[in-house]
Amino acid sequence: MADPRFFTVAGPFSVAEIAARIGAEIAGAGKADRILTSVAPLESATADDVSFLDNPHYVETFRNTKAGVVIVNPKLAPQAPAGATLLVTPQPYRGYALAAQMFYPEPPPTPGIAPSAVVDPTATLGEGCAVEANAVIGPGATIGKRCLIGPNAVIGASVVMGDDVRVGANASVAYAMIGSRVRLYPGSRIGQDGFGFAPDPVAPVKVPQLGRVLIGDDVEVGANTTVDRGAGPDTVIGSGTMIDNLVQIGHNVQIGRCCVLVAQSGISGSTRLGNYVMVGGQSAMAGHLTIGDGARIAAQAGLMRDVNPGETVMGSPAVPRLEFHRMNINLRRLANKRKND
Amino acid sequence: MADPRFFTVAGPFSVAEIAARIGAEIAGAGKADRILTSVAPLESATADDVSFLDNPHYVETFRNTKAGVVIVNPKLAPQAPAGATLLVTPQPYRGYALAAQMFYPEPPPTPGIAPSAVVDPTATLGEGCAVEANAVIGPGATIGKRCLIGPNAVIGASVVMGDDVRVGANASVAYAMIGSRVRLYPGSRIGQDGFGFAPDPVAPVKVPQLGRVLIGDDVEVGANTTVDRGAGPDTVIGSGTMIDNLVQIGHNVQIGRCCVLVAQSGISGSTRLGNYVMVGGQSAMAGHLTIGDGARIAAQAGLMRDVNPGETVMGSPAVPRLEFHRMNINLRRLANKRKND
Amino acid sequence: MADPRFFTVAGPFSVAEIAARIGAEIAGAGKADRILTSVAPLESATADDVSFLDNPHYVETFRNTKAGVVIVNPKLAPQAPAGATLLVTPQPYRGYALAAQMFYPEPPPTPGIAPSAVVDPTATLGEGCAVEANAVIGPGATIGKRCLIGPNAVIGASVVMGDDVRVGANASVAYAMIGSRVRLYPGSRIGQDGFGFAPDPVAPVKVPQLGRVLIGDDVEVGANTTVDRGAGPDTVIGSGTMIDNLVQIGHNVQIGRCCVLVAQSGISGSTRLGNYVMVGGQSAMAGHLTIGDGARIAAQAGLMRDVNPGETVMGSPAVPRLEFHRMNINLRRLANKRKND
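Protein chains in written order, with this note's numbering: chain A, 250 to 590; chain B, 250 to 590; chain C, 250 to 590.
Hints are not guaranteed to be accurate.
It does not matter which identical chain is used: a pair holds within one copy or between any two.
[What the hints assert, rightly or not] List of simulated lysine to aspartate or glutamate pairs, DMTMM-like, C-alpha gap at most 20 Å:
1. K455 <-> D466
2. K324 <-> E274
3. K455 <-> E355
4. K455 <-> D412
5. K394 <-> D369
6. K455 <-> D303
7. K280 <-> E266
8. K315 <-> E292
9. K315 <-> D282
Quick caveat, the hints were computed from the structure, so don't treat them as lab data. The model shown is predicted, which means the values in this text are computed figures rather than measured ones.
Please put together the full structure from these sequences, using the hints given.
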């Protein structure tokens, strides 16, 4: 059970209600009318909790769980403890996510503008928006419905946002057009000038950054992540893309749909990512590269060249996965051989 | 043309006016009185636009451009499309930067202190300063002329700034002396305590951080970049140095003039960089190193030793460029050979 | 002497007073009643200054120092210049830290709530707290005694803090229980949602993040560092742990006591660190790992496996220190041999 000081639980819900919501089949003991009050991990769940098994690594824990109902895929379902009620779905983690959302729905913003917030009179806000303490919204900004602008956040002039956007505390947004259901986490920085200047022996000459940041729907931008606006073209982040904390996205970068960028990764200017690209933590990409759909970039990889669709690359400079493993095995073999010389 | 919701265009300007401003020679068709209204990339430029060619990679695009005038270096000028008007200069990117500044001059701050800003009565501000909504300026701070203190920014006690400094939204500055024409991007953190403590089995003992941050003129500090103040000596950033986003600069670091630090690089305490050093993205330097003038540190390099002036180093631990390439080639060769064994 | 615009000096103090405070033995010339007015490095110290020698690298500077008194360990004490007064202790850096704290004690917060701060009426603050300009404290937050909430910082609903906590400018804290004497540096982000979602071809499904962040006593969290709250379990940071700037700590991570995490390191979700672990700058750990007590992770290392207590690992992927050095030596040898072929 989540700490009630911070989280409010909804429900209770029956197994049947949960099955309907997450699209799973009731199996095992099949007690459709059993009542559940919360979610919990397999090892600590009680008869009142919904739990789930996704990673086969935890099958042993599953065999001994006391959870009231377990969301599980068809292949692992036979390992259930005797008498357990199951919710069988090919995507148990997704099922768990939806069940957890039932018990812990995100509270909607409490509409209203805090007296200490500073909203320019020329800005427009859709119905149901909350603008929290000391937030600042600039002239001409257009905010959709039910948006939440967190405390001390700053929305710059002429920024456009869709509906149900949540901007975290102390975040800043400028020169940006943002879709619906986007989450900008605390301290994220959207739309500042890209890193553009012409060298000069006295002082670099600044290149005006004349593009914008375009963000699709259902995007997350992590805490203290930075997304620079374009230099002339725009910086683009496709719908459904998830960006973790402390990520750097340079000017003119284009990211496709449903990509995942893990923490502290960095993408240099003008590089383009297709759809469903997985970018590991602390990996880096040089500028002007093309990364194909479904490519997978390992953690700490350093990309100097394009990556083909579906390819997995590792290392710095990055090479295809198999080559990386061969390089590494041979290096270790060589080191151990020399040790014995 | 930049999005007019976010950018206001100046001009129009004639070819002759632009040539005079950027110091280029009119060539090609040489229509000095042609009128231009904006800037654009070669591929999308129209007869009303100024464009430029810097990277020989884009010569083919240059041959087919419809731009009204193209800024180009003397060597590539002969590749121009028939009838094109050219502005010839040995530094076309610099020329473009200056031309773009003509069309999109940065608006000066609108002088005044927002009613919600909190400026200590003992702080002094030069004429023409703008202090935006909810910004905070501490006691004894001395701000020069025409500075822009962005929304929710915090300027600590006794901080000194020159003229024409711009501090971004939600940035914070403390224990710092800052030159003129400096830009501190949103969320940058200047002058907090360095990472200093003496180990102790119960709890580390904090070492008071008694230095400052000294920043020269014409410096940029990127979004969410952190610059710790000195432990006793000062942390110093020389004039004309450009620092990208999410960079870490430890206490007592000294950086010379016109260095470039790319995003997510990190410099440990007491390391010294000369002038014109290039620091690649995600590279790291151990503490107490000396990096010579004009040295080049590759992206993701890890420096454990000093670097000579003009030297290029790569890899982690970093080695001279040629050695790095040899190591890499041999490793790949070995891996491919073993594969065929 | 520290810049008096930024730092206020206490004292003066006699050698005897300092010896008593730092627990050192007076030796050398042994002038216990000599009066000191500040601290300074060996090379610039005058007869009025306390200095220290910790690193044997600086013995030559020690031999020539003009410092009024030098804190030094017993082994290096014989290298002192003739006539010098010494304070001998096995931990000279710790001794210096305590002496510097005598001369430059941190001013206590000036109690009071700034008129521009927004403190929810249901929040409670202990005696002696300072809430600075434009800070925001949410409903039900419980703040201990003598805490300092910096300008534009945001403390979320129901957050609990012990005594003598200092929250830097523009930092944000939510869903967190924090001990005493903790320092959260400017721009640090505590308690936002972890990076949790279930893949889906249309848009990822968010997994509610139902845990908290638990921080012990005497912890430092660096500028712009991010600590996500747990997904169900809590994210835990043990007492006495020091975290540098721009570090990423994922959901469910558990860190023991007195660990040190250097700048730009990253720890993925559910990884557990024991006590006294040293984590180098820009190193990364995959998720679900176990790192033993006293382990040492080199800068830029990339951990894919567990690390034994006391083990030192280097490289990406990380291997034991000796193996790393052998791999590196052999690679360089191979490269140089081939060069001469």
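A quick look at each hint next to the structure:
1. Within a single copy, K455 and D466 get their C-alpha atoms only as close as 32 Å, which misses the 20 Å cut-off; across copies the closest is 14 Å, which meets it.
2. Proximity of K324 to E274 under the C-alpha cut-off of 20 Å is restricted to the intra-copy arrangement: shortest distance 14 Å within a copy versus 71 Å between copies.
3. Taking the shortest Cα distances, K455 and E355 sit within 20 Å of each other only across copies (11 Å), while inside one copy they are farther apart (44 Å).
4. For a Cα distance limit of 20 Å, the shortest separation of K455 from D412 across copies, 17 Å, qualifies, whereas the shortest one inside one copy, 36 Å, does not.
5. Taking the closest pair of Cα atoms, K394 and D369 come within 20 Å of each other only inside a single copy of the chain (17 Å); across copies the shortest separation is 26 Å, beyond that limit.
6. Taking identical chains as interchangeable, the C-alpha atoms of K455 and D303 lie at most 20 Å apart only when they sit on different chains, with a minimum of 16 Å there against 51 Å within one chain.
7. Taking CA atoms no more than 20 Å apart as the test, K280 paired with E266 passes inside one copy only; the shortest distance there is 12 Å, against 75 Å between copies.
8. Taking the shortest Cα distances, K315 and E292 sit within 20 Å of each other inside one copy (8 Å), while across copies they are farther apart (64 Å).
9. Taking the closest pair of Cα atoms, K315 and D282 come within 20 Å of each other only inside a single copy of the chain (17 Å); across copies the shortest separation is 71 Å, beyond that limit.
Checked against the numbered hints given earlier, this structure breaks none of them.
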